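If you read the sequence shown in the numbering used here, its first letter stands for residue 2, the second for the next number, and so on.
No lab work stands behind these hints: they were computed from the structure. One or more of the hints may lead you astray.
[Stated by the list, open to error] The calculated lysine-lysine pairs, modelled on BS3-like cross-linking and capped at a C-alpha distance of 30 Å, are:
no. : residue 1 : residue 2
1   : Lys21     : Lys197
2   : Lys21     : Lys175
3   : Lys96     : Lys162
4   : Lys162    : Lys21
5   : Lys96     : Lys21
6   : Lys30     : Lys41
7   : Lys41     : Lys175
Quantities reported herein were computed from a predicted structural model and do not represent experimental measurements.
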Amino acid sequence: LAYPLLIFSTMTTLCFIAPKMYTGNANFKTGTGFLLARWKPTIWYFGPAVMLRNLCVALIGVAYPSDGVAQLVLASTILSIYATAQSTQAPWRNKTLNRVDTVLTITVAVLCMFLLTIVPMDDSEEVRMERYRPYVIFFFVFALLTMLGMMVYAILYLLGKIGGSKGAAENATKTLLDAVRQMHFQIQSQAITEEKICERVGQFLTLEEQTTFASLLQWTLQEVFNATAHDGSTKGSKSTRRLSMNMGSSAERHERDRRASLSKSTESQEKAVPEKA
């Protein structure tokens, strides 16, 4: 038992330190590719969940070596819990793999439930009640606590005690605007090309996440600025047009400054050549 637990703890530790070690460390990235490359970058930690599922299923025979009913019940329970986590997180990079994994896990869990009908029950009812009573009580109490927690959350949300605040939403929007301005400035100053940006974004965002992000930006342009992401035309109010003009004039000013600095450097180099000659 110590051997699988040691491996599981090691893999969990690697996932824990991955956010600090993955970027800029080629050796760590190569060595942990089998553990992290399968999942979305935002859900890099899902590898230990799969390992824990496999470990729990393997230990069922150790916990109940001669009780077929207990084995099937525990297997169905473990797979159902994993299917819940997998369907809510959708960790795979490919959307099809998320669907296949969820359907396959639920199918095996349901199969275990139906196999209970053909497993012989040699123990008496009293023995089975004594053996399975802790599991029944645990899941019954867990279900009641979940319902109670949902009611408390709904009440607090209606009262405005929890949930996203207006300040947090404004800060998130300001962060997005700063990122867009910085990206625009970097492209205009030719510090980084659009191709390089696309390449770097593709390294940590999946195609699905990139498509979602692009759709959100397009909707923002249409609803806030009455513009499209293709032609950049604005047809909104005076304040909207003024904002667009300010953004355009700022970009043009940066471009003029860049060209002026390039022309000055070129002239100085041309003057320096005859002096050397």
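Here is what the structure says about each hint:
Only pairs whose Cα atoms come within 30 Å are accepted, and Lys21 paired with Lys197 is accepted, the gap being roughly 23 Å. In summary, the hint linking Lys21 to Lys175 is supported, as the alpha carbons are separated by about 25 Å, within the 30 Å threshold. In summary, the hint linking Lys96 to Lys162 is not supported, as the alpha carbons are separated by about 35 Å, beyond the 30 Å threshold. Between Lys162 and Lys21, the direct Cα distance comes to roughly 34 Å. Violation of the 30 Å bound is thereby established for this hinted pair.
Distance check on the hinted pair: Lys96 and Lys21 sit about 27 Å apart at the alpha-carbon level, within 30 Å; holds. About 15 Å separates the Cα atoms of Lys30 and Lys41, which keeps this hinted pair within 30 Å; it holds. Taken as a hint, the Lys41 and Lys175 pair is honoured in the structure, with Cα atoms around 26 Å apart against an allowance of 30 Å.
Checked against the numbered hints listed earlier, the structure breaks hints 3 and 4; every other hint is satisfied.
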